[in-house]
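Novice: Sequence:
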Amino acid sequence: MIRFCKNVKQDTITKPLISQLVRSGTSIGANYMEANAASSRKDFKNKIHICKKGAQETKHWLRMISLCALEQKDETRELWKECQELTLIFGKIVSSLKNSALIQNSKLEIQN
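So my numbering is basically just the index in the sequence shown, starting at one, shifted up by 9.
Derived from the structure by calculation, the hints contain no laboratory data. These numbers come from a predicted model, not from an experiment. Even for Gly, the Cβ is constructed at its ideal location relative to N, Cα and C. Fair warning: there could be bad hints in the mix.
DSS-like, lysine-lysine: derived pairs with alpha carbons at most 30 angstroms apart [to be verified]:
1. K90 with K18
2. K15 with K56
3. K107 with K82
Ranges between beta-carbon positions, derived for each pair [to be verified]:
4. R86 with S48: 35 to 43 angstroms
5. S49 with D83: 36 to 44 angstroms
6. K24 with K101: 19 to 27 angstroms
7. K107 with S48: 16 to 24 angstroms
All chains should be modelled from the sequences, with the hints used to inform the complete structure.
Specialist: Written as structure tokens, this is what we have:
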């Protein structure tokens, strides 16, 4: 992401977009690292959900940059696809954790 942003020609329009893209794009990895060091299952789920939101936000900024940096359209498209894959992966993790919690809760109710 950083390498891509360095290659985008900066002007009055792209400069703030690049800044936002760097923030959102790099936050995904940082939040994922935090998720891996989570203190609880709930904390892990929340951090992964934040990762998903970061990937979705990054897709938005990539779309905006693709309108301005036509010479990087192919690379922008590849990064967008990668963010889409991350969004789906993080979404699946969150839904699996929710389903697992529901199953555990229903087992507890049956036992009681």
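Novice: If any of the earlier hints don't hold here, list their numbers in rising order.
Specialist: 3 and 6
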